[in-house]
Structures are given as C-alpha cells and as structure tokens.
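J.: Whenever a hint applies, use it, and build me the whole structure from the sequences.
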Amino acid sequence: MKAADGCLYPEDRLYVVENDLWFKQLSAERFRIGVTLPYLFFSGKPNRVTVRGVGSLVRKNTSLALLVSIKMEGAVVAPFDCEVKMVNAAALANPVLVADDPYGEGWLAEVSSSDPSAMVDACEAAKKYEEINRERGVVCLQAVPDYEIKVFGQTCESILTQIGDFMKAYMSFGETLHVITSDPATEVDMISWAEDTGQGLLEVRRVGKTLHVLYRRLV
Amino acid sequence: MTYANPNVLTDVDWVRQNLGKPGIAIVEVDYDPKLAYEQGHIPGALLIDWRKDMNKPDVRDIIDARQFEELMSRLGISNDTHVVLYGDYNNWFATFAFWVFEIYGHQKVQLLNGGRKKWIDSGGELTKEIPSVKPATYKVPKVNYENRVFLQDLLKMKVANPNLVLVDVRSPAEFTGEITAPPEYPNEHAQRGGHIPGAINIPWGQAIREDGTFKSAEELKQLYTSKGVSPDKEVITYCRIGERASVTWFVLKHLLGYRNVKVYDGSWTEWGNLVNFPIEK
Numbered sequence: 000m001k002a003a004d005g006c007l008y009p010e011d012r013l014y015v016v017e018n019d020l021w022f023k024q025l026s027a028e029r030f031r032i033g034v035t036l037p038y039l040f041f042s043g044k045p046n047r048v049t050v051r052g053v054g055s056l057v058r059k060n061t062s063l064a065l066l067v068s069i070k071m072e073g074a075v076v077a078p079f080d081c082e083v084k085m086v087n088a089a090a091l092a093n094p095v096l097v098a099d100d101p102y103g104e105g106w107l108a109e110v111s112s113s114d115p116s117a118m119v120d121a122c123e124a125a126k127k128y129e130e131i132n133r134e135r136g137v138v139c140l141q142a143v144p145d146y147e148i149k150v151f152g153q154t155c156e157s158i159l160t161q162i163g164d165f166m167k168a169y170m171s172f173g174e175t176l177h178v179i180t181s182d183p184a185t186e187v188d189m190i191s192w193a194e195d196t197g198q199g200l201l202e203v204r205r206v207g208k209t210l211h212v213l214y215r216r217l218v
Numbered sequence: 000m001t002y003a004n005p006n007v008l009t010d011v012d013w014v015r016q017n018l019g020k021p022g023i024a025i026v027e028v029d030y031d032p033k034l035a036y037e038q039g040h041i042p043g044a045l046l047i048d049w050r051k052d053m054n055k056p057d058v059r060d061i062i063d064a065r066q067f068e069e070l071m072s073r074l075g076i077s078n079d080t081h082v083v084l085y086g087d088y089n090n091w092f093a094t095f096a097f098w099v100f101e102i103y104g105h106q107k108v109q110l111l112n113g114g115r116k117k118w119i120d121s122g123g124e125l126t127k128e129i130p131s132v133k134p135a136t137y138k139v140p141k142v143n144y145e146n147r148v149f150l151q152d153l154l155k156m157k158v159a160n161p162n163l164v165l166v167d168v169r170s171p172a173e174f175t176g177e178i179t180a181p182p183e184y185p186n187e188h189a190q191r192g193g194h195i196p197g198a199i200n201i202p203w204g205q206a207i208r209e210d211g212t213f214k215s216a217e218e219l220k221q222l223y224t225s226k227g228v229s230p231d232k233e234v235i236t237y238c239r240i241g242e243r244a245s246v247t248w249f250v251l252k253h254l255l256g257y258r259n260v261k262v263y264d265g266s267w268t269e270w271g272n273l274v275n276f277p278i279e280k
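In the order they appear, the protein sequences are chains A and B.
At position 107 of the first sequence the residue is numbered 106 (numbering that gives the first Met the number 0), and the sequence of numbers has no breaks.
At position 271 of the second sequence the residue is numbered 270 (numbering that gives the first Met the number 0), and the sequence of numbers has no breaks.
Please keep in mind that the hints were generated in silico from the structure rather than gathered at the bench.
Yeah, the Cβ is synthetic: ideal placement off N, Cα and C, and Gly gets one too.
One or more of the hints may lead you astray.
[Said to hold, decoys possible] Some chain B residues near chain A, calculated using beta-carbon distances under 7 Å:
1) Pro32
2) Leu34
3) Glu124
4) Leu125
5) Ile178
6) Pro182
T.: Set out below in structure tokens:
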C-alpha cells in the first residue's frame, strides 16, 4: 500500500517498524527479511552489505546485518532471537539491489524463529512510519538517490549554480541527486533549469516548507 | 612483528566481555549522532558529539583543558577511568578523540579496533537507552602538544628540517586538487585544490582492512617505509580538518612506534585558504 508521503509497504508481508524490517513468512518458523523503503531514504544507498553467516544464532537486540552508505554505517537489528538459514549472496555481491528493490531482489536473509515477536501489517506499518518519517525528515521519492545535498537560505541563482557544480564534480552519468531546499520561490526555476541544461528531472515534491527535487545527471 | 604499543587497541570480544564493569567507560565519538548513536549504540556507551563537544564553538580549535575537564566530568569520567573510544565514519572521530585525550594526558584510553562498523558487523548488541551517569571530578595535569603542530611551527620546520616528511592522507583526487572535498562534506571545501608543497600522498585507508580494523604491523611497516616514511623521520600528517590525519598518526606513533609524529590539524581547510601560500598539484 502506498502512504501519503510516497512510501510503499507491500501488503503481502508483515513489519517490525522499530527495527525497519519486513518479514515474509515462508513456512511455520521461517521468514525472509529485508529493510523497508523509508529506511533506505534515511540511511542512504548502501555501497556495502554484510550479513551474519548461515547458522548464526542471532540474539534479540544484536545486529543481523550491516549496511554502509556514504553517510551511515547502519545496523539491522534482530527484534527477536533467530537463526540465520540463508543469506542473499546476490545482495552482498551487489548492494545496489537493496536500494533498487528492497522488497524483492534486495532481501537480506532468511531466518527461523520459534518465538517471533509482534509484527504489524502494511497499513499499521504505514501509520507508524508517518511519524517516524516526519522525525527523520524522510520522503520516499521514486528512487533512492545516489547523492543528497541540502541547500538552505541562499539565493535561487546560487542554488542552481551549486547543483550544476556538484553534478560536474561528483556525479557519473545516470546517477541521481536529491536536492533539499527551503526556498519556495525556486520551484519553477529548478524545473526550468533541468530543461535549460539538459539534465533529467525525475520528481518534484513539496513537504511543508521544504522542496525536494530528484535529478538525474544526463549531460 | 607486533604493534609497538598494543595496549592502545582493544577488540569487540573484550568489550562484549566487559560490558557494565565498573571503572570502564565506553564512549562513542560521532560526527553525526543522529545517524549513529541515536540509532543504537553499545550498551552503556556514552556519547561525545564530535562537532559540539570536542571543538570550541566560537574559535576554530579543539576544546581547551578546562572544557575537557568539564566534558569528562559531565560524562562521569575521572582521571583513572579506563576509557574505550569508538565511533562512526570509519572510527575517524574516535581516533581524533584519542589524540585529544593524549593531549590532555588521560592515562588509560584505548581505541576499539574497527569502531562502530566492526561492532555491528560482528553481531554486537545495540541499545537506544541513554545511560545515566554521576558527574565525576577530573583534573588535566598538563597540556602536551608534542603530537600537534600549528601553522607557524610547520613553516619553520619546513624550512629548517631536512628530515621532515609531510604525509597528505586524503584521497588522490583531493591531493591533486581535482576536488577539494568529497560530496558528503559541504563545509570542508577550500578556496583552492592541491597539496602542501613537498607532501607525499598515502591515503589513510591504505592502513585499514575492509572490516575497519588496522592491518598487521608487518603490512603497515611495508606500506610506510616503502614510501620513504621511515622511523628516523620527523613526520607530520594532515588531511582536511585533521581527523583522518589522526588515524595515520595513531598508526605511525602507536602501532609502529615512530618517535616523532605530529598532526597538523589545520590541514587543507587552513592551507588551501591562505592568501599567497604556494600550492602543488
């Protein structure tokens, strides 16, 4: 189900929101797990993923997996005691999968537990995440960006110059940039800037006083 | 070959076994607590917010002795507390904190090898609970700047000391001036890119394994001596603001036992902004 803030919560599984995890039941005691979409917007696109090995007995409140991005060394924490039955080798080898398809190919592991704690359904998860996303400043855009820059309190002109310079200095073609700005007057200019420069404009979203723009570097 | 001073490091197993024991303070030093400590930390760990707690707010400098005493007191750390430091961003800021603890003469301090990343990677327990502490008494006995160099002294040394080696520990793209800072550090750019004339480039990460722990003494010795950074030299390390420079300082001084190693914490954000100062690309 899609929440008002754009975040997606597939209805075919359950969630432990406090741990940013989804659980898809495969059999009586076996679950496939992964991280939720809003978590990825908070933690940043992972460039490295490690998961506890097959056979590991993971105690509650200990870390099950590590997701490393430019801005965060994130821990995926087990909400209950469990045993690791399988890990997603594809995701370990290619961490891009986690951000590109967190509910599908980007799963992390399969675990078994005889005493899984309370999980909630998609609707309940969406409700709980509303508050959490607000606190974390998270909006779910159409893709988890490669880069993120915040530009506040500057003139529109200098914001556009900064975006252009940033793209040229750091971004490869095809990579995406999430720009966060508090200057409401810039919206029209940020859209026409993409047209003028030939850069890709993927999404524009306003949340309160903040403007979120997702670009793709094309030229 | 073992590390020259093996007691400066501890590991995740030791920490796991000693959680909650009296006389030990586990301290997380973060650049961005919102994405680190606040998301979960080692049970019982206290927080040093590197930007707010380790630096003066009004002048670009590390906190002074009195401010360090206040910080220790607030964290419930007394002069004989055994402190273990770890943190985010590849343990950079915990290592910088270690360097500051040494300036202010704290006797029992160790770095957790691999930092926060290693703790998570090894399945460590995490909690969001903030421990309550009783303020302690702390007295800085003496301020020791033998591991620190300011700009004016660096200039004198460059002129007078043929035995000096300047090690720029930034990425090659920063060393050549292609970029002045990576995208995630908007406040650390300089007016110009490049490096201090005469400096050699040995990126800090070459001393670290993929899991965040330090390479072996043998590997480290090979890495630095092969580039002319030998134990007889007078070494100064720098980066952009000094925290990665402190990692290389830690390696040379404590793991390899070099006698003469200093951090130029002004680093590129100082040199790269100075009017009329020479820059090499």
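J.: Against this structure, judge whether each hint is valid.
T.: Okay, the hints, checked on the actual structure:
| no. | hint | verdict |
| --- | --- | --- |
| 1 | Pro32 | violated (11 Å) |
| 2 | Leu34 | holds (4 Å) |
| 3 | Glu124 | holds (5 Å) |
| 4 | Leu125 | holds (6 Å) |
| 5 | Ile178 | holds (6 Å) |
| 6 | Pro182 | holds (4 Å) |
In summary, the structure is inconsistent with hint 1 from the numbered list given earlier, while agreeing with all the others.
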